[in-house]
Amino acid sequence: MIDLLVIGEGLSGLMAAYHAARAGLSVRVIGKGLGALHWDAGTIDLLGYLPGAHDSLRCPMKQLGLLDPAHPYHLLGEATLAAALAQFVALTAELGLPYSPAVVAGENSLLSSPLGAARPVFLAPAAQQGGDLGSSAPMVVVGFKGLRDFYPALIAENLNKLGYPARAAFLPYQLLSGRRDANTVHLAHELDAPARRAKLAAALKKLLEPGERIGLPAILGIDDHPAALVHLEQIVQAPIFEIPTLPPSVPGIRLVKSLRQHLLQLGVRVEAGMEAIGFETNGGNNIQWVETETSARPLKHRAKSYLLATGGILGGGFDSDHTGRVWEVVFDLPLTIPQQRSHWFRPQFLEATGQPVFRGGVPVNRRFQPVRPSGEPVYANLWAAGGTLAGADPIRERSLTGIAVATGFAAAQQIATSHALT
Amino acid sequence: MKHIETEILVIGGGATGTGVAWDAALRGFKTVLVEKRDLTHGTTGRYHGLLHSGGRYVVKDPQSARECIAENRILRRTHTHCLEETGGFFVVTPEDEGDFPDRFVAACAETGVPCNEITVAEALRREPLLNPRVSRVFEVPDGAADSFLATHATAQAARIAGAELFLYHEVVGLLVEGGEGECRVAGARVRDVANGEDVEIHAAMTISATGAWAGQLAKMAGIEVEIIPGKGTMVAMNHRLVNTVLNRCKMPADGDILVPIHTVSVIGTTDVRVTDPEHLRIEPWEVQFMLDEGDKLVPGLSKARVVRAWAGVRPLYQEGYTGASREATRQFTLLDHRERDGVAGLLTITGGKWTTFRLMAEKTVDKAVGHLGELKGCITANTPVPGVEQGFYWLGHRLHEVEAARLQGQLVCECELVTRSMLENAARNNPTVTLDDLRRDVRLGMGPCQGGFCTYRAVGILHEIGDQRSEIGAVDWNVAFLQSPAYNQDDEAGNRHLPLTIDNSPLAISSPNLLLRDFLQERWKGVTPILWGRQLKQERLDELIYLSLMNADHLPDDGGSSPLSEFYNFDTTPNENMDIPE
Chain V
1 MIDLLVIGEG LSGLMAAYHA ARAGLSVRVI GKGLGALHWD AGTIDLLGYL PGAHDSLRCP
61 MKQLGLLDPA HPYHLLGEAT LAAALAQFVA LTAELGLPYS PAVVAGENSL LSSPLGAARP
121 VFLAPAAQQG GDLGSSAPMV VVGFKGLRDF YPALIAENLN KLGYPARAAF LPYQLLSGRR
181 DANTVHLAHE LDAPARRAKL AAALKKLLEP GERIGLPAIL GIDDHPAALV HLEQIVQAPI
241 FEIPTLPPSV PGIRLVKSLR QHLLQLGVRV EAGMEAIGFE TNGGNNIQWV ETETSARPLK
301 HRAKSYLLAT GGILGGGFDS DHTGRVWEVV FDLPLTIPQQ RSHWFRPQFL EATGQPVFRG
361 GVPVNRRFQP VRPSGEPVYA NLWAAGGTLA GADPIRERSL TGIAVATGFA AAQQIATSHA
421 LT
Chain W
1001 MKHIETEILV IGGGATGTGV AWDAALRGFK TVLVEKRDLT HGTTGRYHGL LHSGGRYVVK
1061 DPQSARECIA ENRILRRTHT HCLEETGGFF VVTPEDEGDF PDRFVAACAE TGVPCNEITV
1121 AEALRREPLL NPRVSRVFEV PDGAADSFLA THATAQAARI AGAELFLYHE VVGLLVEGGE
1181 GECRVAGARV RDVANGEDVE IHAAMTISAT GAWAGQLAKM AGIEVEIIPG KGTMVAMNHR
1241 LVNTVLNRCK MPADGDILVP IHTVSVIGTT DVRVTDPEHL RIEPWEVQFM LDEGDKLVPG
1301 LSKARVVRAW AGVRPLYQEG YTGASREATR QFTLLDHRER DGVAGLLTIT GGKWTTFRLM
1361 AEKTVDKAVG HLGELKGCIT ANTPVPGVEQ GFYWLGHRLH EVEAARLQGQ LVCECELVTR
1421 SMLENAARNN PTVTLDDLRR DVRLGMGPCQ GGFCTYRAVG ILHEIGDQRS EIGAVDWNVA
1481 FLQSPAYNQD DEAGNRHLPL TIDNSPLAIS SPNLLLRDFL QERWKGVTPI LWGRQLKQER
1541 LDELIYLSLM NADHLPDDGG SSPLSEFYNF DTTPNENMDI PE
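Chains as they are written, first to last, in my numbering: chain V, 1 to 422; chain W, 1001 to 1582.
Worth flagging that the hints you see were computed from the coordinates, not collected in a lab. We put the beta carbon where it would ideally sit given N, CA and C, even for glycine. Treat the hints with caution; some may be incorrect.
Covered stretches of chain V, as calculated for chain W (at least 3 residues, CB under 8 Å) [said to hold, decoys possible]:
#1 22-28
#2 38-46
#3 113-121
#4 131-140
#5 180-190
#6 224-235
#7 392-401
Pairs of lysine to aspartate or glutamate residues, derived as DMTMM-like cross-links and limited to a Cα-Cα distance of at most 25 Å, are as follows [unchecked claim]:
#8 K1367/W with D1336/W
#9 K1296/W with D1557/W
#10 K62/V with E1200/W
#11 K199/V with D224/V
#12 K1303/W with D224/V
#13 K1303/W with D181/V
#14 K161/V with E1085/W
#15 K257/V with D321/V
#16 K1296/W with D321/V
#17 K1303/W with E275/V
#18 K145/V with E1414/W
#19 K1537/W with D224/V
#20 K161/V with D1558/W
I would like the entire structure built from these sequences, with the hints used as guidance.
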């Protein structure tokens, strides 16, 4: 029997598996899908906006006191949060995919979104740091005619309206690929090839004006990304940075890939396509096994502890129906989401306070164990992390990846402690 | 102020109005049409897409049934490419027993609606998801109709015949001349809502084809026209659950038809009398009722993914009628306000159904001819609109064309298979004040992701082609092919191009952020009544894209509001009351 079964292979599940394995536990990760990193910008967003507020936060670590008392960051405490982020920075450096603050440690920096809006970001991968809008260096945002997921003229125009110097330029799509139909992942694979990069670099050099930095869609290699960036900058002789694209997210996929490889080296299997469909207890409050559906036959996974990291409504961890019922799909845990559809939405899609249905989740105690309304843990050997947690609307407040990194770390710590005690 | 002189002024750019303009222009009248928004923005663009065989009305409203089957046959010739030959079933579910089925068969024979009883086994072979407990099945020549494309094609035909169409031109007043006894309407004062300019249009005959808004329009001439606005709510399921139109074989009631159209199946409708034709709230009981009734036709339908809900308003009219809108007649009404109210120069055409729009137009123009003098008779029944050479629409046509021409890399909207060239051509040649206009043109954002991916792409593309839009008319392009990926492969293809008249709105080009916000809100409005399960998960992904990734709620404000921002902001979130009103 293994020590820990992690259910969900998004960022929170992978981070928890990493920390638990490092603490000496035997761990397996199962997942139905692939997690939200494949869709998001690939940055670590700690906290961009307080609920209902319009202006972005500059020093999110100092504003945590303003959050809902049930917010995961409150349960963590500032010290644990800081430790989790430091560990993440160290881990990504070790992976060769270093994340760090763009300018000042402890502050959000602003990076351009694919629309040219300013995204508040806490930790950025190396390739995105050069796009820091706090720097006054002018930008040339370069796109490729016909690439449907990146629009440099729109980005540059909005950046200008916001007061950031930027211009747009276009290169022919054929520089990137001969494929008739390519998405950003295909294009990133093309740029893993040094010859392809050299051609691109030569074209970039021609359109560059003195003093400019170059913003490109986030497609600069997948497997050979760190070398690709260095290679391009060497030839062009100017700073180059990536701006995220419409999904699929190449920066997110890079992080997932290297995390999974690293987990494999630590002896952790990460198995996709396994949907948890049932579980059994010992008759009391201990989970005995979790059952998954696979193409061949149902499998039973026995572990001493279980971590639920299925990601709420976005990740498929919660389901709902037209009667207004919302439920947690593996253990049917108590949820804080209103069980009435009339309480789910507000009239505006972009309402600053967010949609109430997306704010609720699995309530947990300070040990990250799902609890009943009475405060008692639902199961003695069950923990939860990431997007499943109550008390936050991570997409609205721009804390999705921050909560994943921090609560994955904290839950693994708690699980390791409980194993040390027994 | 601009002045325009015409013989016939048509108000309203729905099926009826464009039909009237087409007919009038073909008969040699100098014709102008004005529409306050985009073509089909009103009731025409909000209907379920059923091409009636007439079967639905054979028992209750035989005259409507006769008109439907006659027009059904005509439209198959004149608007072929806008129709899908799905066929239709009238099915007797365990709840529809009684003598209605026998009365139905007799009434079909009486009214000339072809009706063929088939075995339940045969029906199940053709529609495996049909309720196996049905006892009898009758086959009729129902079909599915694309009211967006059909209206565009009719409008194109009208332009070819010489009519001028002004979109986003709203009537702000009628030009009323004379007083007691000799009162006449001599045209209308119209506001270009995209640019804020007024135009005066002088006409010998003004025809109101404003549907549910006919009462408001008539009031401008001091005339009372009591429209019975019957709100119909429709729910689109995310799949073609059936490929044949399914009708319950009973008296027409709520939620008793399921129409397969394009990539979805639409279940409809409710019928609730409302006071405001503009802002239509969808009540939770309506959605629930539709799903419950849908389960009787296709068991398990309520568990399938729902993609959207919307409401249209029937412009029912019955002189002196005060009852429920469900019981009001579906026949159309032509009001000659000289005979009825002593006000010359104004006709109102209202009521009816999409299926009978051509007939309504014919009768209206016949009446105008009576007033304006001897001219040619109606020829619309034998005049195909542009595009019929494409043949009947079939579900796979876009996929087939994309694959044959290898256009996969061009897809801007993967759900509905919209290519970049389709989008660009529609944006260059049709008025594009909001992205919703492009949705009606090419089905942008109508699929499962409800604009999650294509909203951003469309805004980016419109922004890129912004400068080129001023060269409107430079490209030969045929609007009747606007939904064809193969036709729109490049800018060289096409036949004669006749652009719709709209002073090139600066809005779409210079306010990309407004376009984006408006369309996200427009899509949100139609999903809130049906968000749960998979579609709720989808919406959370759309939030991830537009908030977390795009930061679309913190874009610079580039244009305040569009002529439709307020319309999109209308609250359709579910309310407390789930109960069906008494």
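Comparing the hints with the structure gives:
1. Chain W is given as covering the segment 22-28 of chain V, and this is violated because 0 residues of the stretch bring a CB closer than 8 Å to a CB of that chain, at least three being needed.
2. Residues of the segment 38-46 of chain V with a Cβ under 8 Å from some Cβ of chain W number 4, which satisfies the need for three, so the listed coverage holds.
3. Against chain W, the segment 113-121 of chain V contributes 7 residues with a C-beta closer than 8 Å to a partner C-beta. That satisfies the three-residue criterion, and the hint holds.
4. Remark: the segment 131-140 of chain V is not confirmed as covered by chain W, as 0 of its residues place a Cβ nearer than 8 Å to a Cβ of that chain, below the required three.
5. Taking a C-beta to C-beta cut-off of 8 Å, the segment 180-190 of chain V contributes 3 residues in contact with chain W, enough for the three needed, and the coverage statement holds.
6. Residues of the segment 224-235 of chain V lying with their CB closer than 8 Å to a CB of chain W number 0, which falls below the three-residue condition for coverage.
7. By the rule of at least three residues with a Cβ nearer than 8 Å to a Cβ of chain W, the coverage given for the segment 392-401 of chain V holds, with 4 such residues.
8. With a C-alpha separation of about 8 Å, the suggested pair K1367/W and D1336/W falls inside the 25 Å cut-off, and the hint holds.
9. A C-alpha spacing of about 49 Å is found between K1296/W and D1557/W, which places the hinted pair above 25 Å, so the restraint is violated.
10. Distance check on the hinted pair: K62/V and E1200/W sit about 62 Å apart at the alpha-carbon level, beyond 25 Å; violated.
11. Note on K199/V and D224/V: the hinted pairing holds, with a Cα-Cα distance of about 17 Å set against a maximum of 25 Å.
12. The suggested pairing of K1303/W with D224/V is violated, with an alpha-carbon distance near 45 Å, which exceeds 25 Å.
13. Between K1303/W and D181/V the CA atoms are separated by roughly 35 Å; this puts the pair beyond 25 Å, and the hint is violated.
14. A threshold of 25 Å between alpha carbons decides the hint, and for K161/V with E1085/W the separation of about 51 Å lies outside it, so the pair is violated.
15. Taking the CA atoms of K257/V and D321/V, the gap is near 34 Å; set against the 25 Å cutoff, the hint is violated.
16. Distance check on the hinted pair: K1296/W and D321/V sit about 19 Å apart at the alpha-carbon level, within 25 Å; holds.
17. The suggested pairing of K1303/W with E275/V holds, with an alpha-carbon distance near 20 Å, which does not exceed 25 Å.
18. This hinted pair checks out: K145/V and E1414/W have alpha carbons roughly 19 Å apart, not beyond 25 Å.
19. Taking the CA atoms of K1537/W and D224/V, the gap is about 33 Å. The hint is violated against a cut of 25 Å.
20. A threshold of 25 Å between alpha carbons decides the hint, and for K161/V with D1558/W the separation of about 9 Å falls inside it, so the pair holds.
Checked against the numbered hints listed earlier, the structure breaks hints 1, 4, 6, 9, 10, 12, 13, 14, 15 and 19; every other hint is satisfied.
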